[in-house]
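Enquirer: Read off the chains here:
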Amino acid sequence: MVDTWQLVVFWALFAMMGVSALRVVTSSNVVHAALYLVVTLMGAAALYVLLLAEFVAWVQVLVYVGAIIVLMLFGLMLTRAPIGKGMFDNDQRLVAAVTAGALFGVTTWIIVDAFEGQKITLSKATGIRAESIGDVIFSSFVLPFEVISMLLLAALIGAVVIARRD
Amino acid sequence: MPEGGTYFGQYVTIGIFALVGVVLVLGTLQLAKLVAPNVPDTDKYTTYESGIDPIGSGWAQSNVRYYIFALLFVVFDVEAVFLFPWAIVFERFGTQAFVEMVIFIGILAIALLYAAKKKVLEWQ
Amino acid sequence: MPITYLLILSSMLFSIGVYGVLARQNAVLILLSIELMLNAVNINLVAFSAMFGAEGVAGQVFALFIIAVAAAEVGVGLAIVILIFRNRSNVDVDEMSLMKW
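Residue numbers (our numbering), protein chains in the order written: chain A, 124 to 289; chain B, 2 to 125; chain C, 185 to 285.
Simulated from the structure, these hints should not be mistaken for lab results. For every residue, glycine included, the Cβ atom is placed at its ideal position computed from N, Cα and C. Do not take every clue at face value.
[Stated by the list, open to error] Some, not all, of what chain A presents toward chain C, calculated at C-beta under 8 Å:
hint: 1; residue: Q183
hint: 2; residue: G198
hint: 3; residue: T202
hint: 4; residue: Q241
With these hints in hand, go ahead and build the complete structure from the sequences.
Expert: Put into structure tokens, the structure is as follows:
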């Protein structure tokens, strides 16, 4: 019963994320493209909830939807992108479509070949709480964790140097 | 970890609330569209500039200072995300977790000090 | 739920991101497409984490790290785009060919 509903919700999210991701790369309005990205990211967050990864789901909402998209919209405002319709595609759209299609075909073939028949048993799976994530970060992944702060420091200093008006 | 039923049951409740919220907003807007008289006119779509005809486009260049503030927000948002699991395991890990987080926050504090030193935090 | 479904969703998002990077001209839109690709990777990691159950914590930790790295990447990337805009007053990547051999 739960399994069937999970599949129904999954396919609904699949359709939603596919359509909105396509709109991100084809929309002729830059602000609409950013807002369609919000739909895709929220779909991913719902997918994480479905996969019992609650903490990652809410981090996705907090950081991606709450912060990164805001940064993107600031970037759009600062670069004076025309708000109305405009041409933002270059002339290699056909090549790009063929490349992306070929990539999708090859990866799908490899995925089906390698993982066919392997299942995620969600109803029985023990979900991962923030506690076990904290256990792992602060024992096994201490170095990457500190490196993240160095990376953020470098990003902020770089952005201040680049974007500051002298 | 909660059993499948209750875990998903709670999210179904959230989903129903979200759905009701969306339907309420969209329904009201559609209702307004149905009831309101529709007289399309290109003048209605122009930017309102205190009564005189608008010059140029409605797009204004934002100050780059806003970007620095948005970036500071992103950096400390990421920091806050790592504070949640830290707070949960803090009691068990004790000094070790404390030192790790002091280093993390210390490095990010350097970023804040740098921004303050470069006077991007001041608004002239 | 078969894991192939999730992996195919992830590869679809990644391919759409590749299309966006190749076909877009506006640098900010290219950054949006890169976000799509990073998100596809995260879906992969969380899917495998769910497959391994309680042993799959590392997958979710890596997803968190990737989200943090994405934040840093967008910060620097947009700063560069803003600088380019200030110098050339547009952000068309096709016209930034000065360093092309």
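Enquirer: Close enough to count: is the Cβ of G198 of chain A nearer than 8 Å to one in chain C?
Expert: holds (4 Å)
Enquirer: Do the numbers back the hint for Q241 of chain A, that is, is its least Cβ distance to chain C under 8 Å?
Expert: holds (5 Å)
Enquirer: Under 8 Å is the threshold here; is the Cβ of Q183 of chain A close enough to any Cβ of chain C for the hint to stand?
Expert: With Cβ-Cβ at 7 Å, under 8 Å, it holds.
Enquirer: Can the hint on T202 of chain A be confirmed by a CB-to-CB distance to chain C that is less than 8 Å?
Expert: This interface hint holds because 4 Å falls under the 8 Å limit.
In summary, the structure agrees with every hint in the numbered list given earlier.
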